[in-house]
Amino acid sequence: MTLKIINMSDRYENLFRSTLRIRRIEERIASIYASDRIQSPIHLSIGQEAVSVGVCAELSKEDLAFGTYRGHALYLAKGGDLRLMMAELFGKVTGFAKGKAGSMHLADSAVGVMGCSAIVGSTIPHATGAGLAAKIAGNDQVVAVFFGESATNQGVFHECLNFATLHRLPVLFVCEDNQMAIHTLNADITGYSLRELVSAYSIKYAAVENGMDFIHIANRAQSSITRIRRGEGPEFLHVHTCRYVQHVGPGTDVGFGVRSEALINKWMAKDPLYLADDLVKKFISEINAEIDEAIDFADSSEFPGASQLLEDIS
Amino acid sequence: MTLKIINMSDRYENLFRSTLRIRRIEERIASIYASDRIQSPIHLSIGQEAVSVGVCAELSKEDLAFGTYRGHALYLAKGGDLRLMMAELFGKVTGFAKGKAGSMHLADSAVGVMGCSAIVGSTIPHATGAGLAAKIAGNDQVVAVFFGESATNQGVFHECLNFATLHRLPVLFVCEDNQMAIHTLNADITGYSLRELVSAYSIKYAAVENGMDFIHIANRAQSSITRIRRGEGPEFLHVHTCRYVQHVGPGTDVGFGVRSEALINKWMAKDPLYLADDLVKKFISEINAEIDEAIDFADSSEFPGASQLLEDIS
Amino acid sequence: MEQEYLTYKESARRSMHALLANFDDTILLGQGVSDPIGIFGTTLGLIKEFGSDRVFEMPIAEESMAGIAIGLSLNGFYPIQTHIRADFMLLSLNQLINSAAKYRYMYGGMYEVPMLIRAVIGRSWGQGPQHSQSIQSTLSHFPGLTVIMPSSAQQLEAAYLEAREKRRGPVISLEHRLLYDYSFNIRDRNPAGPTVARYGTDVTIVATSIMVIEALRAAEWVFKHHQISCEVIDLHRITNIDIEIVIDSLKKTSLVIIADTGYREFGVAAELVRLIVEQGFSLLGKPPEIVTPPHCPTPTSHALEQFFYPTWGLIVEKIYKLLIPKFDVTTYAMPSRSTVAESYLQFKGPF
Amino acid sequence: MEQEYLTYKESARRSMHALLANFDDTILLGQGVSDPIGIFGTTLGLIKEFGSDRVFEMPIAEESMAGIAIGLSLNGFYPIQTHIRADFMLLSLNQLINSAAKYRYMYGGMYEVPMLIRAVIGRSWGQGPQHSQSIQSTLSHFPGLTVIMPSSAQQLEAAYLEAREKRRGPVISLEHRLLYDYSFNIRDRNPAGPTVARYGTDVTIVATSIMVIEALRAAEWVFKHHQISCEVIDLHRITNIDIEIVIDSLKKTSLVIIADTGYREFGVAAELVRLIVEQGFSLLGKPPEIVTPPHCPTPTSHALEQFFYPTWGLIVEKIYKLLIPKFDVTTYAMPSRSTVAESYLQFKGPF
Ligand SMILES: Cc1ncc(C[n+]2csc(CCOP(=O)(O)OP(=O)(O)O)c2C)c(N)n1
Ligand SMILES: Cc1ncc(C[n+]2csc(CCOP(=O)(O)OP(=O)(O)O)c2C)c(N)n1
Ligand SMILES: [Mg+2]
Ligand SMILES: [Mg+2]
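So the sequences go chain by chain: A, B, C and D.
Here the first sequence is numbered in this note's numbering, starting from 73 and rising by one per residue.
Here the second sequence is numbered in this note's numbering, starting from 73 and rising by one per residue.
Here the third sequence is numbered in this note's numbering, starting from 3 and rising by one per residue.
Here the fourth sequence is numbered in this note's numbering, starting from 3 and rising by one per residue.
Please note that a few of the clues may not be correct.
Covered stretches of chain B, going by a simulated chain C footprint (3 or more residues, C-beta under 8 angstroms) [unchecked claim]:
#1 182-191
#2 243-256
#3 282-295
Hints are computed from structural coordinates only; laboratory data are not their basis.
A virtual CB, placed ideally from N, CA and C, is assigned to each residue, including glycine.
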């Protein structure tokens, strides 16, 4: 929230740095994946970072965020601790969940990352309930929930739009539209327009066509969040974006016969991270040092032991 | 389908008679309920019969219908056997399901009554799947599914609109809007406009404000069914109506503090069954005789025995 | 001893009232919680007293309802959720099993989602296949939930309070429909949790929910007619079963009857047999006898219902079978079918 | 004997291919059935060969998917539905338990909903709490479904065909992820259904799914090192369990180990103990030994996974425990942790 008083170019640099940091972290995760130090599936957000960065820049630490298995960008943008995340990915006891969560279930209660689920659509009602809590508490907390465009297929999405609008809950629904459900084109499984659907619930809808543009996303989010905080009810932010990598794992899905390289190149051509070498240079070594340190921390941490297996059950 | 060649007043009389017959059957069920011959919950359609009558008049015997626990009107309008239904309600082995189904789960495979469920919303996907079957088979079968306005709260409703529109399935969604979910006003739990919601799926929507008007309903249904049969995809018929009686059981809910007598009276004032004594007189004795006969059949039938308990399981 | 009667229904209402009154963060949500029927009378008056920001009428959308409860809990409130039939909970099992049951564990203790879920199970008046199921086994198979089946007004009251004050995760209370109208002498005995509901020496009957009352009825009958002494155990908690209480009893009796409202197959009966055999291998003198519904969906016709739902008459039969080598119906007193049927219609306590 | 190898994966593909080719009314539907991964390779090429009115890519909406399958079945088709993780089926349990399982019964035989549902269970590579669950017990508790857990390419092939040709209701095939890459000598033995997978006389091991292979590995080890003779039973069908085959074996061995991929609590292990005690009360010489995951959600870290998933090393331990009164690890050969781990990485058959 301090962003509001800094000047425009500082704001740009801040968001740029934040996006770049996430990109580098995920690239490092991808590059060390073959070493088998991360023995669980990873769903990277490479290409989609700006969505989390833009929205989270406008959320306060007290605001809450809910996400999915594709959660690295959200966790980091919301201020989640990199070391705890890296240790978690490595399956270490120093991870935020002592190794029990792994990459698909990121969480950091200190900064309001309230959990990421590997069941498509399943945190949408959690965010709705958290929004109801905020409304009952009468504080000015905003709850944001991030999900893919194909998660909107799930009935529970409909149920939550209904409940959120009925009670004018302080919830920002953020749809990261990468047009893909694993290797299926969303268009092959979806027969509605999100704009019209969301509007049928009298929920304010805004679309961002260029999901690489973190400033534009942040501006849109800012307007929505301001209104939501004033008690004007839920809103929906639909961001079109592109995942450069494959659904799960460190590689690419170009060549699988579903998406073309040209499509990805088209998006890359708009990607600020590829267009501002000077800024990259300005920040990169600091970022790399932070990542090195986090990986060292993870590497040098202990694994959880058998005694921890039956802790924290019910 | 023979209706099309008969003249207008015959058509009116036919539908009037059909509505009256269902009304009288349910009134009889209500009046004998205290005798405990029907030992299971009954959800009456009294006041809502015209919806089933109007739509089913335009369906052929080969077309399919799916319904809910409030299924008497649908079963009868689609041509279900009255004797088998009455015996079923009485828990007799001569019932269509040998007493295992009872009032909440009516079915008659001979005329395409494909089942009624007591789980709100749960036959909507069955109808959608049956529609997919019809489309794959390439016949001109139409599938109609009847549900209450509050069933549209269920996520599965959304999932089915999506699937039906995606594959342009021959499904007619029929919403019987009595504004009530048990003793809750639908408006207290619903925050969307059905018209806009359905339209967001590019599904053709039509509303009938006066759900007592079976002719109007039949006309609307006819246009929809003709288009659906031509392969133009699913449609949605939203009929506003009124259940005169309480949610479950033979009594009234006036006095419960939710609905007023005035509301029900307003609807009754539009009810053709109360406005045409001559037609009532013309048909009533024949109808009563049929009902007497069905009740006699039920009364004189045997109960299922212990040996039937473990039949037809898996 | 003094007497003070309370129905199960009123106990549920009073207990929720206490939670709402004593804990500001308690929220009640469910379908029908604000209507004039009020979940068998258990929520009547609560919205009026606590207002519409404590008591929420919910859309017919069970998956989201469970998820909303999780969100409320994560963000500082204590939700009480109701289902007028446990069958409808099958729509929310994803949220319950994949999220609520796992939240604490999968985040390594960072989060907890305490909440109370009430769901109605069981017979009455032709409810049929979709309105009568007992789902305790399914909810207990997966780790993370606490499942209870209070058998009396006292058990229920103590259990709600324990859920609120002691449990760090979701507690699911399965409540048998017929119990709501039963009344209990709450001065009489005040058991909380797994307990011996009647002491005896000849045979052990382990029972859940309303089957505890069926077992007590059967125990009384066989004592009156043949001085057979049954020990009745009210299992109460289905997860993390208190098996010691069963083992202790078997050390006296060496015979067991298990009476549950759900199917024996992969059910409470199977789990109890496993625990008994693992922890008291040589204790059983004869194979266990099991009283549950047969493995078919619930038929609607009352003519079939009478063969489907287990009754105390059946428990009497099992007692004789275990204790009397050459049991002969003509020499041993059996309650007639109409005696059993009457006991349901007329006798609703006090217990 | 001749040898011909087939992977489990290829067996699934071939079997579905056969159903699609031989029965015009077979329809395949699921998420990812038309994508380049094709459900672990099991659906590859099918859409190309049979077209998009036989093979349907489905929205991410499991409740409706199950309901759509019911509708297809009611209206004359035979649907095969896939779930890339059984965990996602929890979203469709309402349709499966409240409708599919009951349809035939509740309409007194008027309707039937035959269909095949394939769902992937089990470990591999840090799948964590929401991508690894074995839900056979839940699906089997309620009457009306047939649940199978094919342990080999041969079992799978026979089971699909049986589902299509003989079963009048829904059949659910739970398929362990790691099995897909295992290859089997299909000329070797051709068991179908519940079967003795290895004959022996000292101890009976009843196993499901991949635990059959674990049991065979353990049996081989203890035979090689100490001439202990294990009888391994491939339970195969979880509903309507073929208990005679177990009882017959126990008549020889009087000792049993139960190895299942799901929790023992209210699980297959509990159900088997119930059946054994009810139908062969005096057969057991010692309490049964049970090999299942402990009662906690699946942890993600491989450091914890190794304590969570049961291995054949654990079965070896249980065999010694049952057979050797004063078992001492130093005198009896135990596979080392790395031997066990290697067997998973390297040895994928043929079995
Ligand atoms: C309930 C459920 N069904 C299916 C899956 C398998 N699955 C994992 S990710 C995914 C695609 C989701 O697409 P989208 O919501 O657009 O998110 P994205 O992965 O593109 O970020 C699917 C089908 C799942 N995890 N959960
Ligand atoms: C899944 C599920 N949740 C709750 C119920 C309880 N219930 C039975 S009928 C009903 C109201 C349904 O209202 P609507 O769909 O408008 O149909 P109507 O009864 O008015 O015909 C409810 C909530 C149920 N049967 N199934
Ligand atoms: Mg996507
Ligand atoms: Mg209604």
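Evaluation of the provided hints:
Given as covered by chain C, the segment 182-191 of chain B passes the check, having 3 residues with a CB less than 8 angstroms from a CB of that chain where 3 are the minimum. Requiring three or more residues with a Cβ within less than 8 angstroms of a Cβ of chain C, the coverage given for the segment 243-256 of chain B holds, as 4 such residues are present. With a threshold of 8 angstroms between beta carbons, the proposed coverage of the segment 282-295 of chain B by chain C is violated, since 0 of its residues qualify and at least three are required.
When each numbered hint is compared with the structure, a violation occurs for hint 3 only.
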